[in-house]
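*Asks:* Okay, here's what each chain looks like letter by letter:
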Amino acid sequence: MPRDELGILSEIKKGYILRQLKEGKRGDGRTPDQFRSAEIKIDYVKRAPGSAYVELGKTRIVAGVKVEAGSPFPDTPNQGVLTTNVELLPMAFPTFEAGPPNESAIEVARVVDRGIRESKMIDLEALVIEPAQKVWIVFIDIDVLDFDGNLIDACTLGAVAALRSAVVNGSAAGKEDFRLPVRNTPVSVTMVKIGDNIVVDPDLEEEQISQARITVSTTEDGRIRAMQKGDNGWFTLDEIKKAISTSIDVGKQLREKYLK
Amino acid sequence: MSSLFPVNVGEEIMKTREVVLPGDEVSLGDLKARNGLYKNGESKFCSAYFGTIQRSDQFVDVVPFWGTYMPRRGDRVIGKVIEIGPSMWIVDINAPYTSLLHMNDAPWRINPGDLKRYMNTGDYMIAKVLSLNEIKESWLTLKDVGLRKLEGGTIVSIQAPKVPRIIGKNGTMVNMIKDMTFTRIIVGQNGLIWLDGTPGNVIIAIEAIELVKNEAHTIGLTDRVKALLESKKGEIVGNAE
Amino acid sequence: MGTQSDIKLIDENGLRLDGRSAGDLRPIRIEAGVLERADGSAMIEWGGNKIVVAVYGPREAYPKHNQDINRAIVKARYNMAAFSVDERKRPGPDRRSIEISKVLSEALSAAIMVEQFPRAQIDVFIEVLQADAGTRIAGLTASSVAIADAGIPMRDFVTGCTAGKVDGKVVLDLSKEEDNFGQADLPVAVLPKSGKIVLMQMDGDLSVEEFDTATSMIMNAIPRINEIQRNALSSRVKVEGGGGE
Chain A
1 MPRDELGILS EIKKGYILRQ LKEGKRGDGR TPDQFRSAEI KIDYVKRAPG SAYVELGKTR
61 IVAGVKVEAG SPFPDTPNQG VLTTNVELLP MAFPTFEAGP PNESAIEVAR VVDRGIRESK
121 MIDLEALVIE PAQKVWIVFI DIDVLDFDGN LIDACTLGAV AALRSAVVNG SAAGKEDFRL
181 PVRNTPVSVT MVKIGDNIVV DPDLEEEQIS QARITVSTTE DGRIRAMQKG DNGWFTLDEI
241 KKAISTSIDV GKQLREKYLK
Chain B
1 MSSLFPVNVG EEIMKTREVV LPGDEVSLGD LKARNGLYKN GESKFCSAYF GTIQRSDQFV
61 DVVPFWGTYM PRRGDRVIGK VIEIGPSMWI VDINAPYTSL LHMNDAPWRI NPGDLKRYMN
121 TGDYMIAKVL SLNEIKESWL TLKDVGLRKL EGGTIVSIQA PKVPRIIGKN GTMVNMIKDM
181 TFTRIIVGQN GLIWLDGTPG NVIIAIEAIE LVKNEAHTIG LTDRVKALLE SKKGEIVGNA
241 E
Chain C
1 MGTQSDIKLI DENGLRLDGR SAGDLRPIRI EAGVLERADG SAMIEWGGNK IVVAVYGPRE
61 AYPKHNQDIN RAIVKARYNM AAFSVDERKR PGPDRRSIEI SKVLSEALSA AIMVEQFPRA
121 QIDVFIEVLQ ADAGTRIAGL TASSVAIADA GIPMRDFVTG CTAGKVDGKV VLDLSKEEDN
181 FGQADLPVAV LPKSGKIVLM QMDGDLSVEE FDTATSMIMN AIPRINEIQR NALSSRVKVE
241 GGGGE
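Protein chains in written order, with the numbering used here: chain A, 1 to 260; chain B, 1 to 241; chain C, 1 to 245.
Check before you lean on any hint, since a few could be wrong.
Cross-link-like lysine-lysine pairs, in silico, PhoX-like; alpha carbons within 25 Å at most [claimed, not checked]:
| id | chain 1 | residue 1 | chain 2 | residue 2 |
| --- | --- | --- | --- | --- |
| 1 | A | Lys58 | B | Lys44 |
| 2 | A | Lys134 | C | Lys89 |
| 3 | C | Lys102 | C | Lys193 |
| 4 | A | Lys14 | B | Lys178 |
| 5 | A | Lys13 | B | Lys116 |
| 6 | B | Lys116 | B | Lys178 |
| 7 | B | Lys143 | B | Lys116 |
| 8 | B | Lys213 | A | Lys13 |
| 9 | A | Lys46 | C | Lys176 |
| 10 | A | Lys242 | A | Lys229 |
| 11 | B | Lys178 | B | Lys226 |
| 12 | C | Lys196 | B | Lys39 |
| 13 | C | Lys196 | B | Lys44 |
| 14 | B | Lys213 | A | Lys14 |
In short, the hints are calculated from the structure, not lab data.
Make a model of the complete structure from these sequences and hints.
*Replies:* In structure tokens, the structure reads:
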């Protein structure tokens, strides 16, 4: 999130968080490697074949999966289509504005999309109805209702949970209802750098004062499927390596807890 | 309605509270309607808020549970600099409208265009509302006892209607939290609170403030805050006992 | 109104597809204070509708030339999520949602004490997560709860309900099928204490008698709906009280 969207950062708050971190403490009592507890409700929206409501701290999102028959892209005639869209609704934060997605919304959507796409979670080749003519198009739409930091992970959790639960009406292709061809379970873990500290799953205040952000998406086989570094600051290679191993560990916990 | 919130809400008054919703008729008896009520017809008064009724010697008020701060002349508020002009700071005072601090109302000798050296964007201050006009434009001053730029510490925010509970009758609540946590605390009437002390103590003081914030409309609050602080005694640094 | 269909929407006993009789409401549930960041918020489930409302403000109106020096501007934004209807809805405002936003803003302005906040703006964001007929009225009903929750002064709640005509009969609170295949739709919102109407739209075909029946059904239902609005707020205090009394 660009700084101007998050409001003016205060030196007082920054000093306070840094002093707390020096003692290994975070504002809400977490350790640096600790993810906030999440609540996920699947099948939240009945008009969508797959959906999930996610509460991560006070960040609240709803992900909905819609599946429609349509034309494949000309360069991939034998694959279904996957698209991800994130709406940073103005209700979610005082400075979010209505209108077409801005660069922040697009970045979140693309990072979420990449984690899902690159993990090959959905077997797109199994979504062909008639080669080069008709395929299933999977729309992942995500509404951000309340913003308390770490949208990428909240949205990935929601999108993955919604995809896993989706039951698609096959009548548009003269077929039976079917579950999406899910092969694995990607999870993203986002960390930010505050001073010399790296903390997992930043809340809003931590995001406001952080210098840099890193997201690592992994699958259950421990492989990295997507990464994204954001914001103006930097990481050392060691920090990145540490972030990857943290992501694998935390990802394992998240899968175990929320995506079994 | 001259202002939205009554100045003083003592503990005793809270005991007789009664919850009302917008449009509910409030019977005045021999008292006069003051804040949070509107006249509906000849002699009927109704609540403008979801809040509690509070009756004092002469007046009836409806105090909302939540709500925005509206500046009043003389209020001490905590503000954050959000923009700097050639001769004024533009200050966010947690109200619908920003406020202005002219360099002549600051305690330093400043040359125009040089304001940033004294207070930059993101800096906090405890200031007083010097004046206010009909369209809610307001001006601040730092020229009075206790007013200054705030350095160090941290800021937490509560809702303005809860400020009287944080302060307590004659300052009892805030003084108890200060004394028991060895923390310096300044409460702005606009719902922002500044705290400074050792990190662990500040966390406990914030916990106490959260308790007041969440249970502001209940009775026996002082005792519960005291019990919380007593239970944390072992964790507080500087406790002589 | 929707196209005629062969589906019988009211059976020989006068019952509707979902088992309701003409004057029955669908189940309504409202919860206040559901969002962290917003100044006030509410969630409403009305039949199959699922709508969340967030209120921000009063805050200074921008751009400045939009400011009214005598009063606050109320800006409702009604929006349907892409996944809220059977066919995916393209994100963003369309002509329908722009019109609905306008009439909802006007209805809310009638209740809010806008004169207390010169130069300010009150934003009301209404997000339809799941649509099931009557979304504007459900959104408006939840909005006034969210506004009270934000501590914004109001003269009264705004409470809404629809009536319509189905298989030639006037019924309360149209369901999705009734909305699609019925002959008239009449959404109404009032200030419940005074009965002042702050929103009314109609499309379809109603006789004067049918209109009278429809509005009296609505006026009958308003106190019940208002009670649900009131409980959404009062229960919030009890929950937050942590056993204070």
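*Asks:* Hints first: check each against the structure and report whether it holds.
*Replies:* Verification of the hints:
1. A/Lys58 - B/Lys44: violated, 42 Å
2. A/Lys134 - C/Lys89: Given pair A/Lys134, C/Lys89 holds - Cα atoms ~21 Å apart, limit 25 Å.
3. C/Lys102 - C/Lys193: It holds: about 24 Å lies between the C-alpha atoms, which stays within 25 Å.
4. A/Lys14 - B/Lys178: holds, 23 Å
5. A/Lys13 - B/Lys116: Judged against 25 Å, a Cα distance of about 19 Å means the pair holds.
6. B/Lys116 - B/Lys178: With a Cα-Cα distance of about 32 Å, the restraint between B/Lys116 and B/Lys178 is violated, given a limit of 25 Å.
7. B/Lys143 - B/Lys116: With a Cα-Cα distance of about 18 Å, the restraint between B/Lys143 and B/Lys116 holds, given a limit of 25 Å.
8. B/Lys213 - A/Lys13: Status holds; Cα separation ~20 Å.
9. A/Lys46 - C/Lys176: The hint holds at about 14 Å.
10. A/Lys242 - A/Lys229: Holds: A/Lys242 and A/Lys229 sit about 14 Å apart, inside 25 Å.
11. B/Lys178 - B/Lys226: holds, 12 Å
12. C/Lys196 - B/Lys39: Holds, at about 17 Å.
13. C/Lys196 - B/Lys44: Given pair C/Lys196, B/Lys44 holds - Cα atoms ~18 Å apart, limit 25 Å.
14. B/Lys213 - A/Lys14: holds, 24 Å
Of the hints listed earlier, those the structure fails to meet are numbers 1 and 6, in rising order.
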